[in-house]
Structures are given as C-alpha cells and as structure tokens.
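Chemist: Spelled out, the chains give:
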Amino acid sequence: MKLKKILPQLLTLLFIILVFGFFTMNAQENMGARGLEFGFGFLKTQASFDIQFSLIDYDGSHTYARAYLVGLLNTLLVAFIGIILATLLGAVVGVARLSPNYLIRKTASFYIEFFRNIPLLLQIFFWYFAALRALPMLEDAPMLLNSSFMTIKGLYAPAPIWTNFDVFFTTIITAMIIIFFFARYAKKKQEQEGKRLPVFFISLAIFIFLPLLTFLIGGVDLSWSYPVIRQMSQSSYTFDGGLKIPPELIALTLALTLYTATFIAENVRAGIQGIGKGQKEAAASIGLTPNQVLKLVIMPQALRIIIPPTTNQYLNLTKNSSLAAAIAYPDLVLVFAGTAMMQTGRAIEIVGITMATYLTISLCISLLMNWYNKRIAIQEK
Amino acid sequence: MSINEFNISKLNHHKNRNISLILGVLFFSVGIIDFYLNNYFNTNITYFLPRIINFFTPLIFGVIGLHLIRIEFSGIKILDSLNKNINTTNFNAALSVSIILLIIFGLPPLLNWLILDANFAGNTKEACTGGGACWVYIKVWFNRFMYGMYPNAEQWRVNLTFIAVLVFMAAGFFAPTRLRNYLSLYYVLILPIISFILIYFIVSGGSFGLVWVETGAWGGLSLTFMVSFFSLIFCFPLGMMLALGRRSDLPIVKYSSLSFIEFWRGVPLITVLFMSAVMFPMFLPDGTYVDKLIRVVVAITLFEAAYTAEVIRGGLQALPRGQYDAAKSLGMGYWRMHVFVILPQALKLVIPGIANTFLALIKDTPLIFVVGLLELVGMLNLAKTNPKWLGFSMEGYVFAGIIFWIICYSMSKYSQNLELKYKTDR
Numbered sequence: 001m002k003l004k005k006i007l008p009q010l011l012t013l014l015f016i017i018l019v020f021g022f023f024t025m026n027a028q029e030n031m032g033a034r035g036l037e038f039g040f041g042f043l044k045t046q047a048s049f050d051i052q053f054s055l056i057d058y059d060g061s062h063t064y065a066r067a068y069l070v071g072l073l074n075t076l077l078v079a080f081i082g083i084i085l086a087t088l089l090g091a092v093v094g095v096a097r098l099s100p101n102y103l104i105r106k107t108a109s110f111y112i113e114f115f116r117n118i119p120l121l122l123q124i125f126f127w128y129f130a131a132l133r134a135l136p137m138l139e140d141a142p143m144l145l146n147s148s149f150m151t152i153k154g155l156y157a158p159a160p161i162w163t164n165f166d167v168f169f170t171t172i173i174t175a176m177i178i179i180f181f182f183a184r185y186a187k188k189k190q191e192q193e194g195k196r197l198p199v200f201f202i203s204l205a206i207f208i209f210l211p212l213l214t215f216l217i218g219g220v221d222l223s224w225s226y227p228v229i230r231q232m233s234q235s236s237y238t239f240d241g242g243l244k245i246p247p248e249l250i251a252l253t254l255a256l257t258l259y260t261a262t263f264i265a266e267n268v269r270a271g272i273q274g275i276g277k278g279q280k281e282a283a284a285s286i287g288l289t290p291n292q293v294l295k296l297v298i299m300p301q302a303l304r305i306i307i308p309p310t311t312n313q314y315l316n317l318t319k320n321s322s323l324a325a326a327i328a329y330p331d332l333v334l335v336f337a338g339t340a341m342m343q344t345g346r347a348i349e350i351v352g353i354t355m356a357t358y359l360t361i362s363l364c365i366s367l368l369m370n371w372y373n374k375r376i377a378i379q380e381k
Numbered sequence: 001m002s003i004n005e006f007n008i009s010k011l012n013h014h015k016n017r018n019i020s021l022i023l024g025v026l027f028f029s030v031g032i033i034d035f036y037l038n039n040y041f042n043t044n045i046t047y048f049l050p051r052i053i054n055f056f057t058p059l060i061f062g063v064i065g066l067h068l069i070r071i072e073f074s075g076i077k078i079l080d081s082l083n084k085n086i087n088t089t090n091f092n093a094a095l096s097v098s099i100i101l102l103i104i105f106g107l108p109p110l111l112n113w114l115i116l117d118a119n120f121a122g123n124t125k126e127a128c129t130g131g132g133a134c135w136v137y138i139k140v141w142f143n144r145f146m147y148g149m150y151p152n153a154e155q156w157r158v159n160l161t162f163i164a165v166l167v168f169m170a171a172g173f174f175a176p177t178r179l180r181n182y183l184s185l186y187y188v189l190i191l192p193i194i195s196f197i198l199i200y201f202i203v204s205g206g207s208f209g210l211v212w213v214e215t216g217a218w219g220g221l222s223l224t225f226m227v228s229f230f231s232l233i234f235c236f237p238l239g240m241m242l243a244l245g246r247r248s249d250l251p252i253v254k255y256s257s258l259s260f261i262e263f264w265r266g267v268p269l270i271t272v273l274f275m276s277a278v279m280f281p282m283f284l285p286d287g288t289y290v291d292k293l294i295r296v297v298v299a300i301t302l303f304e305a306a307y308t309a310e311v312i313r314g315g316l317q318a319l320p321r322g323q324y325d326a327a328k329s330l331g332m333g334y335w336r337m338h339v340f341v342i343l344p345q346a347l348k349l350v351i352p353g354i355a356n357t358f359l360a361l362i363k364d365t366p367l368i369f370v371v372g373l374l375e376l377v378g379m380l381n382l383a384k385t386n387p388k389w390l391g392f393s394m395e396g397y398v399f400a401g402i403i404f405w406i407i408c409y410s411m412s413k414y415s416q417n418l419e420l421k422y423k424t425d426r
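So the sequence lines, in the order shown, correspond to chains A and B.
Just so we're aligned: 173 in my numbering is position 173 of the first sequence, and the numbers increase by one with no gaps anywhere.
Just so we're aligned: 121 in my numbering is position 121 of the second sequence, and the numbers increase by one with no gaps anywhere.
For reference, chain A alone in the conformation it holds in the complex:
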C-alpha cells in the first residue's frame, strides 16, 4: 500500500530531474561551444540601440537593464490604458445587452459577436496597416478641438507643462487619503447614529478644491505646449512641441480594448442576470430608491459574479499586449526578447527574464484581484 503511494511520486521526481538535467547539460555544452557563460552581467553593458517610444529618458548609451525597464514600462502603459478603457466599454456594453431597447440590445450583441470572433492579431494589423494608414499626411491633417492633429504619423496633442508638479501631486495624494478616512468616519457615524453624510459630494469637493488651492497659494502653474507644424524641406514636415502619441500605441490600445471589452461585457451581463428578480423587488419594497437598489443590492452581488472571470480578462489583456511586437510597438517582447537578444545572443537568460516578468505581472494582478474578491465575498459565519 505504501509502495503504491511512493512509487508514482518517485517516478515523477525522476522524470522531472532527468528532463531538467538533460536540458541543463545540453545548455551548458552549447553555451560553452559558443563561448558564452551563463550570467546576467550583460545587463550592465551598453545597449547601443535606440527605442522609438520611451516613457523614461533613454538612448543608445544606456544599459540593457535600462532598455528592459523601457520595454516593461511600455508594456505596463498599454496594459493599464487597455484595462481601464476595456472595463468602461465592457460595462456599458454589458448593461446595453440587457437594455429594454431593441436597437440598443441588438447593437450591443452585434458588437460583441463581431469583435470577439476575429483573431486579435488580425485586428491589430487591421487598425495599424489598413485603418490608421488611411489618415492624412502631416501637412494635410485638419486641426481637431483647436489643438490636436490626427495624422498618419500619430496623434499630436497639447502637452501640459507644469511648474511645481510635485506640490500638485502631493496634494492629490493627500486629498485621496483625507477622502478615505472621511468615508470611514461617515460609515462609522451612520452605523452608530443612523445619520447619513453626503459622502460623495463632500469627497468630490475635497478632490477638486484641494488641488485647485495649490494653483492659488502653492505656486503651481500649468501651461500647454501646442504642436505647431514646421516645414523641414520641400516635402517633409514635422511638429514642434506638444505630445506625440505613436500610431502603434493607438492601434494596439484600440484593438486590445475593443477585443477584451467584448469578454468583459459578457461577464457583466452574466453577473447582472445572475441576480434574482426577487432581490430587486424586495429591495424596492423596503423603500429603497432605484439608485440605492442598484448601489446597495444589485451591484454588490453582481460584482461577486463578475470579478473572477474579469480578472482572467485583465490577465489576458496584459499577456496579449505582447502582440505589440507584431507592429513594432517597443514593448517588453520587442525591445528585450527581440532587439536585445539579437545583439547579445543570450537566448536563455533573456527569454527567461521575459517569461519571469510576465509571470510576476500575472501573479500580481491575480493576487490583487483575489484580495478584492475576498473583500466583497459573502461574509459567511
């Protein structure tokens, strides 16, 4: 009986050790033959390649480690924007799927069925190579909202120029902390005395007025740098000033958002449909207003159903952002697993680091969402 338990485990262990041992041995031999030594020292050497789009200061004289950071930040940027936009769009479409209005319902389900059944890569290619290539050249681009230009080379928008940005930023953080404690205080007060404070409006006021105050007395100032077109030669133009958002980023964000939102919308719909009709009726019959019904009865329960599958979609979006490599948006995969690996030839280290990074991001998102999920789960006694 004991043998029955130990033997399969021993065999598994043996199998794993053999596979890993075989791979490590070969890897060592192969790297030795190419004169490489396993190690991460190369991260400190000069990268000497340029990256098109970077959130932090970077040029060819920086190290590989810095290039890695640039790629990572670009990946996180796309994932962050994508998650926020997809959540908003998904929530709206999910609710629209349940609308009493026939046209809205059908439009929402048409959108969902259309975008979720086309490969994401194809959608990215479509936006990048077909749709955004149809935009006007720099010199022909019409001005939008008196300030921006949507051109074939990307979106040129006004860039904010701050003086004393740190003061402003600290104030915003302070305002958030004040609101957090105020909300706790208000909840406590309601539980003890039954009095309800207008939490939302007071919070909004704090959030708007405190940062505004810094403009008056904190020495904070904000001005805008507008993009201005300049002719460089006979037929080449460029924009001076302003903020340039590259078309790769636009195409990628657009495709990721439109694709992932369809899945989130289905989750939202399933969540709302999962709440029994009786809950709504019971809440209404004890005298809650429709807003209160939604806020206090429907949403807390629906969120419980919505969050776990939506977490998966956030993870998918983050992983799918690696498709950026296909349209040369400099994300982690393109910069690090692409360019950096070509230059150094260190396949094992670089692919290993890239995979470990994605694993860490995935684990972080799922931990965060698990924590949130636990917080809103049913408190069973």
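If you're looking for bench data, these hints aren't it; they were derived computationally from the structure.
Every residue gets a Cβ at the ideal spot worked out from N, C-alpha and C, and that includes glycine.
Hints should not be assumed to be uniformly reliable.
[Claimed, not checked] Derived, one-sided and incomplete: chain A residues facing chain B with beta-carbon distance under 10 Å:
(1) Arg133
(2) Lys187
(3) Ile350
(4) Leu367
[What the hints assert, rightly or not] Computed footprint of chain A on chain B; a stretch qualifies when at least three of its residues, placed anywhere within it, have a C-beta under 8 Å from a C-beta of chain A:
(5) 90-96
(6) 260-267
(7) 359-367
(8) 373-386
(9) 404-410
Following the hints, put chain B in place on chain A, whose structure we already have.
Modeler: Leaving out everything else, chain B in the frame of chain A:
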C-alpha cells in the same frame, strides 16, 4: 376634435392621437431627411440655425418626433410594439435615434465599398478601377491564402489528410457497443498517433512515391487548421494527465502538475514561441535539428495543455462524489476507475469547454508568424508587400476577418448549444 381642445401638455395622450402621430412622424422624417441630405448631397436644410444646434438637429428632431408618437394604448398594434421596444423614455428615444443615424451614416458607404463599387472580374491589378474593394486581389491570391507555398499539384494531399482525420474522429461516434468502453482511450491515445502518421507520410511526404514538401512551404489557412487541430489533439492526453495529477493525493505529483499549469498559463504565447524558436535549440544536444513546425506545435501543445487541464479539471469536479465511491466499492483501482467510469462522463461534460479552448487556439494561431511560419494572416502580410499588388491590405484583412469570423462564430454557437443541452440533462 377641434383645435381648441388641443392641449399641448397632453400632446401624447391618446385623445390627440392623430395630431401627435402626424406631427411626430413629420418631425422624425425631417430629422432623418436632414441627416441624409447633409451626408450624401451636401445640402443643409437647417443652415439658418446656429452651428452647434445645426449639428444636432437630426437628433433633436428625431427625439421630438419619437416623443410625440409615444402614445399609451394608442390602439395601433405596430405603434404600441414600436414604443415598447425602442421608445420607452426620452433617453431611450435619443439612443435609438443615434443608432438609426449611425446606420444611415455607416451602412451605404460600407455596402458600396464591399459590393456595389467593388471589382470582381479580371485577373490583374488594372482590372480594379472602381472606388470599392478589389476582390480580384483575393481571387488571384486565393490559392496561396489557402495552401501557402505548397505545390499546386500536391494540394490534394493536404485535403486528403484533413478528410481522413475527420473520418477517424467521427469513427468514434459509430463504434460498436463492444468497443464503447475504450472510446476515451481511442480519442486520447490512438487518434493523436494516427494523425501524426498521416501528417508525416501524406502531407510531408518523402516515401510511397510522394514528393517531399518541406514544412517551410506549408502555409495559408490549411496551416492554421493543421497547427490548431493537431495541437488540440496532442494537448488532450497531456492536459488529461495534468488534470488528474492536479487532483492527485500525492504531493509531488500534485505540486509539479500545479506549477506546470500555472507557469504556462502565466506567460504569453508569443514568448513561448520565442522560446521554441531561439531557446529550445540551446537545450538540445549539439547538432540535433528539430523542424520549425514541430517545435511550434510542441510549444503550442504544452501551452494549450495547461488550459485544457483546467477545463478537464472542471469536468472532473462537476461529477458527483457518488460516482467515485461507487467505482471504488466495485473494487476498481485508480486507473480502471478513471478509464471506465470517471473520464467517459467527465469528458462528455467538458466538450463545450474544449470547443472554447479550440476557438481560442484558432485565434492564437496567427502568432506563429514570429517564427517565420506563414499561415493565413502571415500570407496576407507577405502578399501585401508584393510589388505587383501594393495597396490592397484592407481587402486582405477584411477577407481574413470574414473567414475567421465564420469559423469562430459557428463554433462558439455550437459550443453554446452543447452547453445548453448538457445543462438540461443534469
């Protein structure tokens, strides 16, 4: 009814039905016509209004019109159902009008481009003269989009393999009762072997008088199917082992399966493909060469096995405990219990989940372009750069989009139907 009785505050009361109906339809039509003229004839019949209002006139007129015809118990059946469906409140009316205007705005140009102005006849780029799509491009390249660089004379071999595999898959459904018990074994072990043999001897060739076709020449939609289909067949046994391992009582087996599953589920497919392309050769003895396509299929198989394992685990968990207890009380051991009692039931439950995995797999397959294999989307990108056929990327992507959409939509509908069917069974 005289005009004196007409009460503006009760405009959409059923007493004033006819007047509000006429007014409502009038307003609505003015809104729509204004929008139509604005867009297609460049004339603006409401030019005298301020610019900001002018822009919104179709919407405002449409909403006023719908507001007027919102008559309760009008006695007209069509009107009542119209009101109930698209016109319950002013907000809803505004949304409905916006959607109608959007359709008027978008549909005619789309139809023009897709069909009316498009070119179908001819064989050269010069045949495309209209402002619409150039489907000639698709027609000329169709064979390449389907089979890649596979020699034209040999394409029957690809077709034959697909038909043969489908026949072998369907054979399970018609198996004699005597063999039914071994069905799960057939799908999990024998079918992958048969399909490998088919691919190796027929598609690849090299023996039995068939010309050898190198894997670099395979491509197009058939490669999409081949990679996704065979990865699915191969990942099934592995996924099942992992699912069983994850539910095992033995700690080493359990945690090694768990970490395997979590690892593959945590990394993007593109890095896995990178790994198969550049990292994997480093792990093999010097001088061994493994074909690119095999490496890709192995990588996708490992990747998908983790997802399949989770789907199968769901099916195993859904079975009531009594099934396990009953099998054990008959004196069955672990393997006999699983092969004859648990898996046949669990696998039936997970068919919709597997179909969804397969769907995701088909949508992920275009990614294999990163290692230089050109399936449908890869072929499009290649054809797009052909100097004789520049500037037709839109047609290519639309064509591929339609093909993928048909495949994925029909499969998702099928799996939804199965899901419903099994729900009622239990």
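Chemist: Look at each hint and say if it fits the structure.
Modeler: Cross-check of the supplied hints:
no. : hint    : result
1   : Arg133  : holds, 8 Å
2   : Lys187  : violated, 32 Å
3   : Ile350  : holds, 9 Å
4   : Leu367  : violated, 12 Å
5   : 90-96   : holds (count 3)
6   : 260-267 : holds (count 4)
7   : 359-367 : holds (count 6)
8   : 373-386 : holds (count 4)
9   : 404-410 : holds (count 4)
Hint compliance for this structure: hints 2, 4 are broken, all remaining hints hold.
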